[in-house]
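Trainee: These are the residues of each chain, in order.
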Amino acid sequence: MELLSVQNVSKSFKDHSYTVHAVNDVSLDIHQGEMIAIIGPSGSGKTTLLNLMGIVISPDSGEVYVEGQKASGMNDTMRCRMRNQYFGYIVQDFALIEEDTAMQNILVPTLYSKHKKSSSEYRKLIYSMAEKLQVSDKLKSTVKKLSGGERQRIAIIRSMVCDQKIILADEPTGSLDKDNSTIVMKCLRELVDDFKKTVVIVTHDLDVARQCDRTFNLTGGVLTPCNL
Amino acid sequence: MVIKQILRDLRKEWSWAFFYAVVATMIAMAILYLSVSFSSVQRQSAAIRSFVDQNVIMFQLKTVQMEANREATVLSNESKQDPVDIMDYLQRNLSKEGNAGSFVFVGNDGYVDSKYEQILILFGKYSDLSGLHYDGSMALFVPEAHKEDVGKEFLISGQNLRIVDSAGSKYSLFHPLHFIDSDDLMLSNTLILCTRDFQTVNGMFPWWGLSSEVFGRMVLVDPSDKEVDQLQRIFYEQSGTLYTGISTKDFTQVTTSASIRAHRLYIWFYILSGVLLLILLICNIIRVIETHIADYTVHHLYGAPIRTIQKRVGGFVLALNMLPIVGIVFVLFRNEMTLWYVLPLGIALVAGLCLFAAMYASKRIGTMNNLQNLRRDY
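If you're matching them up, the sequences are chains A and B in order.
Here the first sequence is numbered in the numbering used here, starting from 124 and rising by one per residue.
Here the second sequence is numbered in the numbering used here, starting from 294 and rising by one per residue.
I should point out that these hints are in silico values taken from the structure, not numbers from a laboratory.
Take the hints with a grain of salt, since some may be wrong.
Stated by the list, open to error - Within a straight-line C-alpha distance of at most 25 Å, the following computed SDA-like cross-link-like pairs (lysine to any residue) qualify:
(1) K297(B) with A612(B)
(2) K267(A) with S308(B)
(3) K263(A) with K656(B)
(4) K237(A) with V295(B)
(5) K267(A) with E583(B)
(6) K604(B) with M205(A)
(7) K604(B) with I180(A)
(8) K239(A) with I299(B)
(9) K137(A) with R657(B)
(10) K656(B) with F136(A)
(11) K297(B) with Q208(A)
(12) K656(B) with D216(A)
To be verified - Facing chain A, according to a computed beta carbon distance under 10 Å, are these residues of chain B, among others:
(13) M294
(14) G400
(15) N401
(16) D402
(17) Y404
(18) L594
(19) I599
Where a beta carbon is used, it is the ideal one built from N, C-alpha and C, also for glycine.
With these hints in hand, go ahead and build the complete structure from the sequences.
Mentor: Below you can see the structure in the form of structure tokens.
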């Protein structure tokens, strides 16, 4: 069974007098342990598709299934619970709370987790992940004191602290230099290979896309497979 | 969990929270104190209007002039020609047929029950001017606090007098030069004796020398020019000083009206300051929400339902307003001020603010509910 399945999903937005069809009848099945890239020009609907996959927004038509569970028809609380359980999010600008420490940021998903562990268990887990990503000495620092690469690695730890199965990454290397981009992509690859996580990356960068198992092109809201 | 997050939000905004708490408490207290003071002035204003409508003339000491005073010479000559018997004058003019009125406070030196600290004697027209009406030549009234005494009889210096009624909770004593509000302790423990028989009452309190005090607060209701001249002459004969009659309207125009205007000005100033503070608060709430929108979105993405975000933002605004509300209630309580409408009004205002903040935050997350919220250029 597919871990994440998107079936004939469409989404449009009204922009003053005209309607923008951001995602147009897209279908896609994603299995556990896959790393998928979605490429496309700016404004082609990549982020909207990622939002639909991550049940952040609802489609106008079509269905999104997570481990066979239909997401449409769920109320806000149920959608939140599903997001907490299945999804981790990584974005270009890190989406970290600047005034809080790295540790506080990482702990955000645990606040809403249904299967809570003890505080010491979480800390132990976070330290082991941070050591692996070489940011264990940064956990007590406030986010605003961290570099871009360190911030993105903190965001990666946050995206899997509740053992989420799917990581949705929106331009994860967009704000990083070449070295940090390499580190972040290596981390994501390890998540797929070592922990059987599923990663969906939206990117402009073809080098990043080449490191993925499958690549899709989204143009004018229409998704097509492509080989790089 | 939500409380923890509210406390964290407050810590991040502590400088604004402190500034707001201090300024809001100051403005609210200023408005409350001025309202209390203004309501007293308003009650005084009602009494003034009644005096003005009845054309009450009061008397005040005339300004001393350095050059020879022709008016004084005329009065002096007139008094030599036509001397007036003071007691006769007071008996006649403070009677039912007369149009003079005055009042005097005498201490309760064992005249009546000791719970009454003093006796207020209203002569002639003053009982009508104060809104106390009775038949006969004498009657007793009690303040609202002692209305259980209505119907009882008191023996005062050989005179058996019945308490005919309570003066009512709104009873206040007005004279253009004095105003004793109904809340004043001076009235709440005072027995009120109304009389149209000056000589009898003067005989009841022989040690008090009532006539000089009666003259000091004498007013005439709608008098003729001749009556005003006559009283001015009596003043001159009694004290050797010139008093001049002035209508309540003219007198209060330069005194009480100015005070009412000043009060109105202050109240408007503080109300406008309050409105400005409210606008500032709303702008700041919007600023705080906009600043923390990425924070709220992260929490929402990772599992916080919109309702939880609403509770967090609403709770933050509630906590922001807690200190001013508690401060105001504390000061009101300490000062025994019973402004029953203040608390529900304050609660309604704060509830409205909390609701606004919660709705605004959820609308922002609701409409921008996607990863766009987390982009720096957004």
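Trainee: Hints first: check each against the structure and report whether it holds.
Mentor: Status of each hint after checking the structure:
{"no.": "1", "hint": "K297(B) with A612(B)", "result": "holds, 12 Å"}
{"no.": "2", "hint": "K267(A) with S308(B)", "result": "holds, 20 Å"}
{"no.": "3", "hint": "K263(A) with K656(B)", "result": "violated, 33 Å"}
{"no.": "4", "hint": "K237(A) with V295(B)", "result": "holds, 16 Å"}
{"no.": "5", "hint": "K267(A) with E583(B)", "result": "holds, 18 Å"}
{"no.": "6", "hint": "K604(B) with M205(A)", "result": "holds, 21 Å"}
{"no.": "7", "hint": "K604(B) with I180(A)", "result": "holds, 22 Å"}
{"no.": "8", "hint": "K239(A) with I299(B)", "result": "holds, 22 Å"}
{"no.": "9", "hint": "K137(A) with R657(B)", "result": "holds, 17 Å"}
{"no.": "10", "hint": "K656(B) with F136(A)", "result": "holds, 17 Å"}
{"no.": "11", "hint": "K297(B) with Q208(A)", "result": "holds, 23 Å"}
{"no.": "12", "hint": "K656(B) with D216(A)", "result": "holds, 23 Å"}
{"no.": "13", "hint": "M294", "result": "holds, 6 Å"}
{"no.": "14", "hint": "G400", "result": "violated, 70 Å"}
{"no.": "15", "hint": "N401", "result": "violated, 70 Å"}
{"no.": "16", "hint": "D402", "result": "violated, 74 Å"}
{"no.": "17", "hint": "Y404", "result": "violated, 75 Å"}
{"no.": "18", "hint": "L594", "result": "holds, 5 Å"}
{"no.": "19", "hint": "I599", "result": "holds, 5 Å"}
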